[in-house]
Structure formats: C-alpha cells, structure tokens
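Enquirer: With the hints as extra help, turn the sequences into a complete structure.
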Amino acid sequence: MSISKDEVKHIANLSKLNLTDEELEKYTNELSDIVDMANELSNIDVEGVKPTAHILDIQNVFREDIQQPSYDRELILKNAPSKDAGCVSVPKVVE
Amino acid sequence: MKDYEVIIGLEVHAELSTNTKMYCNCSTEFGADPNTHCCPICTGMPGVLPVLNKKVVEYATKAGLATNCEISRFSKQDRKNYFYPDLPKAYQTSQYDLPLCIGGHLDINVNGEQKRIGITRIHIEEDAGKLIHDAYTGDTLVDMNRCAVPLIEIVSEPDIRSADEAVAYMQTLKSILEYLDVCDCKMQEGSLRCDVNLSVRPRGQKEFGTRTETKNLNSFKAIHNSIEFEIKRQIEEVENGGKIYQETRRWDDAKGIGYAMRTKEDAHDYRYFPEPDLAPIVLSEEYIQNLKDNLPEMPHIKKERYMKDFDLPEYDADILTSSIKTAKFFEEANDICNNPKAVSNWIMGDFTRMLNEKEIEIDESKVTAQNLAELISLIDKGTISSKIAKQVFEDMFETGENAKDIVEKKGLVQMSDEGAIKEIVQKVVDANPQSIADYKAGKDRAIGFLVGQIMKETKGKANPQIVNKLLLEIINK
Ligand SMILES: [Zn+2]
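Residue numbers (our numbering), protein chains in the order written: chain A, 1 to 95; chain B, 1001 to 1477.
These aren't lab readings, by the way, just hints derived from the structure by calculation.
All clues given are correct.
As a list, the in silico DSS-like pairs of lysine-lysine whose alpha-carbon atoms are at most 30 Å apart:
1. B/Lys1089 <-> B/Lys1186
2. A/Lys9 <-> B/Lys1089
3. B/Lys1080 <-> A/Lys78
4. B/Lys1080 <-> A/Lys16
5. B/Lys1255 <-> B/Lys1174
6. B/Lys1130 <-> A/Lys78
7. A/Lys5 <-> B/Lys1089
8. B/Lys1308 <-> B/Lys1381
9. B/Lys1089 <-> A/Lys16
10. B/Lys1080 <-> A/Lys5
11. A/Lys16 <-> B/Lys1215
Expert: Structure, rendered in structure tokens:
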C-alpha cells in the first residue's frame, strides 16, 4: 500500500467526509492504485527538462485595472440556501 | 529568572490600492453595502476564469524594489486550501514556491540606533471576505465585497527582538508603502495589518523555542501590547515548567489579553496545489529597470535632503518625512513662506497635537498648507505676534478660514505704533510703584510682571520687542 489508512482518514477529514470502515478500506485500495500509477512517472528521465509551471505555453495574461459594474446583489445571492440582510447566512462560525 | 531572548518575525498584509479586485473588474472600495461589489469570479462560482490585474504585479514589484528585494523574473500563483465561509472558493490564490520578490531588508531606527531587518519574501494573494455575527439569529453573515481584493504579504526574517522593534519595523514599512502609493495603509480599516510569530529562548541557547502566531493586529498599539503580553506569557510558562504549544492566537485589544484560538490542528494543512487558471508571471529586465528608475524618493533619502537643504535638525526631518502626507504638506507650505524651521515647528507642535486630539490626518484637516504658510508670513512680517498666532491657528483649525481674514475680523493686528504703546507702558508703570521699587532693588522678576500687565492691557497685541524697549527706557529714566 503506497498510502495508509490513516492518511486516507486524514484526507477524508480535511474534505469533511465521514467514511465507514468498508469505504475506508475501499478508498485506501483505490487511492493506492492511483498513487502507484502516478509514481510510475518518476521513472521517466527528465534530465534537462524545465519544470512545468503551467500546462499551456503561456505567460503574462493580464487585464487592465478598469472598474466595471458588479452583479446585482439578488443575482449573487440567488444560489445561497439561506440569506439575511444582503448576506449569505451560514451556521455560526466559532473561532 | 533566567535572561530570555525574544525572537519575532512579522507577516504583514497590505491591501493594494488598485481600483479593481485581483481577478475581476469589481471595485475594491471600502465600506460599500454588503455583497454589492461581487461577481461570479470573486464569489467563486464554478467555471469562471480569473485574469490577473496588471497593477497588482506593478505594485508588488515596486514594494519589492523599495525593500531591497530580488525581483523574480519568473513567478507563479498557487492555490492554498482554506475551508472557511469568508472565502467561497474554499482555496486562496496565493504564491507558494515562486513568489514575486525574495530576500530584501529594511533599516529601522529604535531609540536612536539603526538595525537591519531581513525580508524573506513578498508574495501576492487575495484577501478574504468579512464575517458578521448576527446577534438576532445567532448565524454568521458573509459579506464577500472584500473577497479577492489584492494583497501583498511581506514576510520578515525572525530578526526582531522586542515590541519596540516590531512597531518601528511596521512604521517604516507603512511609510514606504505610503510613499510608493501602493496601499492606503488605513490600519483601522484593515488595509494594513500583521501577524506576529513569537518565541522565547534562554539567552545563549541555539535552538529556537516553540513559536506562536498572533493573528490580525491592526494598530501599532495592538502590535506593541500583544507582543509584550505574549513575551510575558511564554516566559512565565517556561519558568513554571510548562510547555509552549505551536498555536494560532488572537488579541483582544479592549481587554488587553491574548488567547489561543479554538481551531483544529489540521486547519493549517494548506496542501498548496498548482493554479491552472492563471499563467506564470515573467518580468523583463526593462520592466523591472523602468519601475526602479521611477521609484519616488524614499523616506530616509528625503530625511537626509531635508537636513541638508533646509538645515533642519534630524529630529524634525525624521518626523516630517515619516509620513508622505506630512512631507507633502511641509514642502507645499515652505514653498510659499520660505521658512522651513517655522513650518516644521508648527507641524510638530500645536498642529500635530490638534490632529491627534481629533484623530484625523494632516490631509483631512481644514488647515491647508497655503493657510499655514500665510500665517507664518504674517508673523514674519510682524503683522501679528507669535502668541496671537497660536490663537489664530486654533480658529483656522476649527473653521478653515484663512489667517488674514481671522486677524482682520478679530482685530488682532499687532500694535507696533510706539506712541500708542508708550502711553500704555506709562500707565502700567504709574499704577505699579511697588514693582518699580522691586526692580530698582534688583528683583528682575518685576519686569516680567510689568510686561504681563502691558500685554493684558493690549490684549496681547503689543509688539513684545517694542514693549521691552520702552519699558526699560521709562523705568531707567
Ligand atoms: Zn468580482
């Protein structure tokens, strides 16, 4: 196994997913296969090849700093399951 | 108790004063109605394509050049996982391994001594939105206006050793960013704020102690007090055999206490990953050189010039140049009245005190540079005495009227007519024979009393030199 059950648990936790024992077993196997497959790439000789920062051969895609009207608030909030006072309302966030 | 050394590093966040956000054309203006400066890009809707604001690169490069950084010819942006409702994308676009600026430094002055603080890096990133606690429903409300407002994060080396040094570093940085005009530096609005990384170790020990991070300090006072608090807390903890935990802390400015945030440890598992929507940033030599050649005069250079050109003491030059607004005001006023020391004295004295009382900045005052210059010219020409000028200035500050109008309206023109003054001097001398006797008996203090009486008679308007001259003439007769 190139990835442990604990690691999968950790990733699930970060992704806010609750996994059953069977799911944990299943995903550990599947993710290990994926990592193994990706690891095969390290066998390729990349001597002299520059690291890729972007998959397309582009650079410096910029826009001018010119303001344009924003969206109507109703439109921005349209998808929010809950809203109040012109804001998206979410369960209380405790610091 | 052992002698402890304090190790501090600052992460300063400065909102860039661009018109638009980092990746979309929404306004960055502060204080708008919630969620009225938003579009699908800055609210993280699926399928949108962000495009980097050109000014962000320019402003960040300028900040790098002004802090002696190496500017990266090739840099890129990355995504930082961040699962919190104030950033609806669930990641923050930032820079990870190839930031825009690397390895600079700043010289700060603390108690008359200069010290160099290293700068590790400056990178560009987007700001998060604002969370408002709804006391009525108990829910949290999300205002996304500030989402994706561009920021630079300036990371210092752990070279800072005290609260005073941290404040001096922040003040120096603020003044540079203001001179560059890349950040409005309104700390109370959060456009300039910092996180403090702090650890202590017994002096002589090589390894660093465990550090804590106090987040989001947005005033010099908060920076100073939170650092003093945290130093004391950590030393006490270590002295009592306790352990320092690596944790994120908050500072309650009103209560004057710091406390650990109740966050899960894995909240800091940022797992940076490549940003596929944004192209790498490649800067040419010409681009960098051009920005370098056009940098404005920096505070420490201006300070030296003031000392040389205007013959001002270092103390004055330091205060006048610490803020670009003050420096501009000084230069404009001096251009008109050509009396640098007088302008400097006014700015550093009553003017600053009154600004502080009102909690406003010099450019928000009703007194313009021209007004102050005219007031100084009135003193220089002998039209009013400096004592009366103080009174006139109070009026100028309150009403914004110019000095000449106030002087005329209130009849404050200085009495320089020797004949008229002589009459009053004679009157006061006649009315105070005891003081004359005291003076003749060698009590010089009696003179001060008599001058005071004369000034009182003339409502402070008599020219003091003439009063002195005439008084001595009369009583020595
Ligand atoms: Zn937008």
